[in-house]
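Asker: In order, the protein sequences belong to chains V, W, Y and D.
So for the first sequence, the UniProt record's numbering puts the first residue at 1; every next one is plus one.
So for the second sequence, the UniProt record's numbering puts the first residue at 1; every next one is plus one.
So for the third sequence, the UniProt record's numbering puts the first residue at 1; every next one is plus one.
So for the fourth sequence, the UniProt record's numbering puts the first residue at 1; every next one is plus one.
There may be inaccurate statements among the hints.
The following label-pair restraints were derived from C-beta to C-beta distances [what the hints assert, rightly or not]:
1. D:ALA148 <-> V:ARG279: 34 to 42 angstroms
2. D:SER7 <-> V:GLU117: 43 to 51 angstroms
3. V:LYS289 <-> W:ASP185: 20 to 28 angstroms
4. Y:ARG209 <-> D:VAL229: 23 to 31 angstroms
5. V:HIS393 <-> D:ASP364: 22 to 30 angstroms
These aren't lab readings, by the way, just hints derived from the structure by calculation.
Note that the structure is a prediction, hence the values are computed from the model and not measured.
Glycine included, C-beta positions come from ideal geometry on N, C-alpha and C.
The chain contents come next:
There are 4 protein chains.
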Amino acid sequence: MDFAFDSVTEDLRERLIRFMDECVHPAEPAFAEQTAASGWSAPPLLGDLKDEARKRGLWNLFLPGEDGAGLTNLQYAPLAEIMGRSPAIAPAATNCAAPDTGNMEVLSMFGSARQREQWLRPLLDGEIRSAFAMTEPDVASSDATNIATSIVRDGTEYVINGRKWFISGAMNPDCRIFIVMGKTDPQAPTHRQQSMVLVPRDTPGLHVRRGMRVFGYDDADHGGHAEVVFEDVRVPAGNLIGEEGGGFAIAQARLGPGRIHHCMRLIGMAERAVELMCRRALARSAFGKPIAQQGVVQDWIAESRIRIEQSRLLVLKTAWLMDTVGNRGAHTEIQAIKISTPAAVEWILDKAIQVHGAGGVSQDFPLAALWAGARSLRLADGPDEVHKRSLAHRELKKWT
Amino acid sequence: MDFAFDSVTEDLRERLIRFMDECVHPAEPAFAEQTAASGWSAPPLLGDLKDEARKRGLWNLFLPGEDGAGLTNLQYAPLAEIMGRSPAIAPAATNCAAPDTGNMEVLSMFGSARQREQWLRPLLDGEIRSAFAMTEPDVASSDATNIATSIVRDGTEYVINGRKWFISGAMNPDCRIFIVMGKTDPQAPTHRQQSMVLVPRDTPGLHVRRGMRVFGYDDADHGGHAEVVFEDVRVPAGNLIGEEGGGFAIAQARLGPGRIHHCMRLIGMAERAVELMCRRALARSAFGKPIAQQGVVQDWIAESRIRIEQSRLLVLKTAWLMDTVGNRGAHTEIQAIKISTPAAVEWILDKAIQVHGAGGVSQDFPLAALWAGARSLRLADGPDEVHKRSLAHRELKKWT
Amino acid sequence: MDFAFDSVTEDLRERLIRFMDECVHPAEPAFAEQTAASGWSAPPLLGDLKDEARKRGLWNLFLPGEDGAGLTNLQYAPLAEIMGRSPAIAPAATNCAAPDTGNMEVLSMFGSARQREQWLRPLLDGEIRSAFAMTEPDVASSDATNIATSIVRDGTEYVINGRKWFISGAMNPDCRIFIVMGKTDPQAPTHRQQSMVLVPRDTPGLHVRRGMRVFGYDDADHGGHAEVVFEDVRVPAGNLIGEEGGGFAIAQARLGPGRIHHCMRLIGMAERAVELMCRRALARSAFGKPIAQQGVVQDWIAESRIRIEQSRLLVLKTAWLMDTVGNRGAHTEIQAIKISTPAAVEWILDKAIQVHGAGGVSQDFPLAALWAGARSLRLADGPDEVHKRSLAHRELKKWT
Amino acid sequence: MDFAFDSVTEDLRERLIRFMDECVHPAEPAFAEQTAASGWSAPPLLGDLKDEARKRGLWNLFLPGEDGAGLTNLQYAPLAEIMGRSPAIAPAATNCAAPDTGNMEVLSMFGSARQREQWLRPLLDGEIRSAFAMTEPDVASSDATNIATSIVRDGTEYVINGRKWFISGAMNPDCRIFIVMGKTDPQAPTHRQQSMVLVPRDTPGLHVRRGMRVFGYDDADHGGHAEVVFEDVRVPAGNLIGEEGGGFAIAQARLGPGRIHHCMRLIGMAERAVELMCRRALARSAFGKPIAQQGVVQDWIAESRIRIEQSRLLVLKTAWLMDTVGNRGAHTEIQAIKISTPAAVEWILDKAIQVHGAGGVSQDFPLAALWAGARSLRLADGPDEVHKRSLAHRELKKWT
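Isolated chain V, as found in the complex (with noise of 0.2 angstroms):
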C-alpha cells in the first residue's frame, strides 16, 4: 500500500498545474466576459487555450490506450481534481471535456473503422464537440428498460423516433454528432433491448428545441442542455455502435471513467471552494473580529478537509480498482462515489456561498454556479436513491 503518485503522474501534475497557473486561471474573466456575448459557442478565447494546451502535452490526457495519452484511471484521475479548479476551461482547453470523452471512449472501444476516421478523429484533434442522448423527459430513464425512443430498422437504414433532454453540449453549434440511445427489439431480454447509433447533427428530422436551466443557468459556457427531438431521422445501418442490443452494454462501459473524471473535478471544485472560504473568511469581519474567528465558520472549513480527504481517497482506489480488477470488481466502489462525492461537494459549496453572504449566491463568485452543478450531479445517470438501493443489494447478498 502506497498513498503517493507515480512519476507519470507527478510530472503530469507539475506540468498541468503550469497551465492553470500561467494561462487558465488568468483566463478566466476574459472568458466569462466572451461567454456571455457569444450565446452558445464556445468563446474564441478557448481556441488559443487548447493550442497551448496542446503545445505543452496536455491533451486527451483522459483517453487510454493508443489513440489518447494512455494514461490509467488512477494516473488521470488527480489530473482531472485540478482541472476542476476551473471547470469551465481547463477541461475544454484540454480536450477532457464531457460528454466529448465518454463519446471518444466509446468510438475507440466498439467504433468501427469508419466511425473512427470520421468521428473519432476531429474529435480527438477537437475540431468538432458531440452529445450523448440518453436521458428522457417522458420517464424515469435511470431504469434502461425504461427508454422509449425507437431505433427501427429499415431496409439499410435505422430510423429514429424519440424525445431526449439535457443532452449537455448539444446546444453548441460545433457539437455535430449525436451518439442516440434507443430501442432495437423491446421484446429482447432486459439488457439486450437497447443500442447505439450515431447520429449528425444536421440529419433531417434532429431538432434541437430548447437549452434546459439548472437553477436558473443555461451553462451556455458547456454548450447547455438540450432537448432534442427525433422525428424519423434516417441513418445509415453502419451508424449502429457495436451490434444491435449492445447497447446497455457500452452505456455501463462508458459509465466507469466517466464517474472517476466528474467525481475528481467535483474534489477540485470543492479545494477551489475551501481556498475562497478561507480567504473570505480572513477578509470580512464582522461582530469585531474576522469571521475565519468564529467556531462556525472553522467547523465547517475542518469538515470540509475531511470531506475533502475522504472523498478523494475512495475515487483514487475506485480508479485504483477499475485498472486493477475492472469496472465489475470496481461496481460498489463506482456507486459509492457517485453517491457520495457530489453529496460532499455540494455541502462544501453550500458552507462556502454562506461564509460569502449575499454574493456567494451571485454571479460575482463562482460558488453558486459550481453548486448548482455539484447539485444536479446527484440526479446525473440515476438519482443517487437508485444507486444506493443497487449497492445495498449487493451488500446484502453477501449474507444471503
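For chain V, the structure is supplied; the task is to place chains W, Y and D on it using the hints.
Answerer: Quick look at chains W, Y and D alone, frame taken from chain V:
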C-alpha cells in the same frame, strides 16, 4: 389555548383561496411567458390581477391599522401562506409583496404627513413600487455598525454616498422610491449612528448598475436585485424618515412583520412542493412500481409534512406574541423562525426536486426557482449564524 | 387562535412547579441512592412523595373523566412536561407514570365493573403497579398481525402461551397485574385477531425471566423492562378486557394519550438538558474563555431552543386535536410527534452531553440516562420508520 | 499509488482472521458469562486465549521496533480493524489492548533501562496491566494547560496530588502501574509545564475510588474507567519518565498510533454492525416482506458501506503518512480521523440498532455497547470540537 383560526381569518382564507384558484393559478403560464418578454417591468397581466384582487377586498391585507386592512399579524399570517403557493404573482397581485410591505409599514409608522402623502398613498394604491437599500457589498452588513454608506447633512439637504446591492425590486422601472440606510453620525453610540432617507429613483447620482443573480436567476418577476451606487446624491432634509440616529430602530421595527410574511410564504411554497412531490411520485414509475411506493420517498414525504407543521406553528405563535407582547417580547421567536423556516423549506424543496429527476432542476417546474429563493433567505437579513448567536446569548443569560 | 394556557392549567402548572421545587428536585440525590440499594423495588422515599402529591391535589392528573382529575389532553400536556424535568420521580410521585397511566385509561374505558373494582381502584390509589405486555422478541411486533402469543378459550378460562419482552415496570414486585395482548383468533380479519386479558402476577405459568437493559441501564427506578414468559397461563374468562377481537382497537385507543405524555415528558427532559448545557458552558473554560463563548456551543444552544419550541407546539396542537376532533382526526399529528419529538430531544441531549465532556456520559449527570430513554423511544411503539410510512401513505392519498 | 496490502500484512491478516474464527468468536458467549461473574478482574478464559495468541505469533503486533512485532503503522492498522470485530476480547488476547499499548510505546521510547525492566517487560509479557491517568474531572483537560494535578519534587521523591477520572483499565486489580500526567512547573512555558511519572498501584495515597459509567455500562471487561485520587503520593525521582517538562511532548507522541488503533478497531466494529444489520434485515419480516426490502433500510446499508470505505481509507493514509513523514506531517490527518471515524461508526451503529428493534438497545446484541464506546470516543482525547478548531486553524494558515 386554541389552535383554530378566528372567523375573520377563516373568511379571508376562503376568499383568498378562491382568488388563487380562479385567478392566480390559471394565470401562471401566461405570467411566466409575459415575464420572459417584459424585461424588468411587471407583466401587463399583473394589472388585471391587481384590479381583481382589489375588487374582491383582498388588498393591503398585510397592513395593520387604518392605512391597511387592519389585520393582526396572527390574522394575516395564514393569508401570506396561501399567497406563498404562487409567490411570483399572488403577493404582487394583492399589493402584499416585499419590499413594498415593509416600506409601507415604515412610512405608515414613521413617515411625516408629506412623506405619507407623496409615497405611502401611491404605494397603498399599487401605483408604484419601492426599494429598501440596506445591504452593502463591501462589508458584513448583518452587523449594522459596519454600514459604510454615508448620509451627511449639508444645509437643507442630505448628501448620500455609498454602494448597495441585492436591492430587491429596484430593477423594475416602476420602483420609484428608495429607502436608504446609511450613517449620519459614525461617532454616536453603536445603534444611534444610522438614519434612513427617502431617495426618489430619478435623483441625480443614483445609479442602478446591474441585476444581481441568485443561483442563475435574475428574478425579473420580482424586479430583480439591483446593485445601486449613490454618488453625491442630494435629497431635501425633509426626506429623513423619523429622526437622525433612528435608522437602526426603524430597521428593527420593520423586521418583525417581514419575518412573519417571508416565513409564511415559504410555508406556502413548501405545501406546493409537497403537492408536486406527491403527484410526481404517484405518476412516475421506475423498476416496476410507482416512485410513491419507494420507502425513501415516503420518508421524505413524512418528514416534509412534519417540518411544515412544526414550522407553521412556530411562525403563528410568533405572530401571536408580536400581537400580544410586542416585537421585543417575541425577539427569540422572531429569530427562531428566521433560522428554522428557510432551512426546513429548502430541505423539502430539495427532496421535491430529487423526486422530479432532471426536470426538478429545470425551468419546467417551479421547484428549482423556489429553492433558490429559500436558500437565499438563509442569508437575507443576516446569515443564520448571526441570529443563532444572538438567540444563544439570550438563552445563556437566563442562567447567568 | 390563542397560545396562552387556560386558568385551570396555569393554576396546576404553578402548583406542580412548586411541588417540583419544594419536594422532587431536592429528593433527587437521596432517591438515586435508595434506588441503588432497593433492587427492583421502589425506593421508600417514593411513598412520602406520593402522600405529599396527593395531599396537594396533584394526583392522577393524566386521567380524564370522573376516575381522574378530569383534565383534557391539552390541559394535562404542560403538566407532563414539568414532570419530565425529573422523569424518574415526578410521574411516579403523582401517580402519572407509564405504563400505569395507559393501563388505567384502558380499565377506565373498557374495564368491567369487577375489573375496575379489583384493579383500577388500587391503581388509582397508587397501591399497586401494572404492566402492559405487548412487544415480543421473536417477531416485528410493530406489525400487530405478527403477534405470536396465543390466548385460547378453554371452558371458563383463557389459556395464554407466549413470550414478551421489554415489559416496562414488570421487574418491580409491586407490579401486580399484567395486561396481555395476544391472538384469540388468527383466522379473523387482520385487526380482529387480537384480544387483551388481565393476568395477575402470581398466576402459575407467568415467569418474569430477566430485566432487559437499555444501553447498559436496567432502569430499576422504573421497575425495569422484563422478559416474561407465559406457559399455559390460565385466567378466568372474565379477565378478558372488552370483547374478543377488540385488542387492536383498545391498543389504538391507548396509544394517543400515551404519545402526548411521552412527548411532553421528553420536552421537559430537553428543557433540563438545555439548562444543564448552559450552566456547564458558563462554568467551564477552555483555551482561555468560557465554553459558552464558543460559536459551535452557541449554535447548539440556539438549535436546541428552536427544536424545543417547535416540538412543544406540535404536541400541544395534537393534544388540542385529540380533544376537539378525536384520536382519528389527530392521526397524522399523533404519528408526527412520535417521530419528531424523540429525535429532537435525543439530538439536544447529545449536545448537552458533548458540552459536559467525559462527565456527560457518566452517572454524575442525568444526561446519558435521559439520552438512553429518548433513544429507545425511537423504537418503542414501533420504530419511526413504520410511522413515517403510514404518515406518508395518508399524505399521498390526498393527491390520488 | 497502490491500494493492496503488502505480503507481511496479508499473511498476518490471514492468521489473525483464523484466530478470530477459531478462538475468539467461539469464546464470546463464555467470555460474557465469565465477565458478569468476575467483577473487575479479567475472565479466566482470557489467559487461555493469550497463550494461544502468543503461540500463533499474534502478540504485541502493535509495537514497532525490537520490543514488539516490528510492524509499521500501515501494517498494523488492518490487524487492529480485525481485532475490532470482537473488541472486548481480541485486543486483550493479543496483548494489543489500550491503554497498555500506548503505555508500552511510551516506556519503549522514553523509559529508562530500569523502568523498561521493571514495567515494560511484564507488560510485554502480558503479566500485568497498566493505566494512563490524564483526564481530570474539575477542568476541561482537553486543554493540557488546564491540568491541575501537581507533581512536586521533594528531595529524592516526587509528591503527587490531584484527582483523575475515566482512567480506563484501572478498576482491574491486575492494573499494577499508572502513568500519571501532572504539572511540575506551572510557571514554565505552556507546553513545558507537564511531566509524567510512574506510580505503582500499591503506593500509599493512591485511591481508586469508583468506576465511572459510560451510558450505564461499567465496561468491567476493559477494567472499567476509574476515578482515582492522589493524596500526597510519593514516588522515587527515578519514576519520572523522560525529563521534567517533557510530559506534553510524550502525550503527543503517544496520541498518533493510539488514534490509528482506536479508529481501525471502530471500523472493525462497523463492519460487524453492517453484518448484523444485514442478517437481521434478511431474517425479520414486517408488513409482508423482509425488512431488507425496505428502501430506508437499504439506504442505511448503502450509506454504511460508503462511510466505512471512506473512513478506512483515510485512516490507512494517515498510518502511511505517520510511517513516511512522521506524526507532525500527519497532524491534519490524525485529527481528521479522530473527528470523522467515531462519528461515522456511531451513525452506522445507530442504524444497526434501529434495524434490530428493541433488541438493538439491549444486552442480547453487542450493538448498544459498541455504540456507547463509539460515542464516548467523540469525547476521549478531547471533544471533536477542539480538534476541528485546530484543524481549521491549519487550513486557514495556508491562505494567510
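Asker: Now tell me, hint by hint, if it's right for this structure.
Answerer: These are the hints, each one checked on the structure:
1. At roughly 40 angstroms, the beta carbons of ALA148 (chain D) and ARG279 (chain V) sit within the given window of 34 to 42 angstroms.
2. At about 48 angstroms, the beta-carbon gap between SER7 (chain D) and GLU117 (chain V) stays in the expected band of 43 to 51 angstroms.
3. One distance hint, 20 to 28 angstroms for the beta-carbon pair LYS289 (chain V) and ASP185 (chain W), holds here, with the actual separation near 24 angstroms.
4. For the pair ARG209 (chain Y) and VAL229 (chain D), the beta carbons lie near 40 angstroms from each other, so the given range of 23 to 31 angstroms is not met.
5. Hint check: HIS393 (chain V) to ASP364 (chain D), Cβ distance near 28 angstroms, so the stated range 22 to 30 angstroms holds.
In this structure, the one hint that does not hold is number 4.
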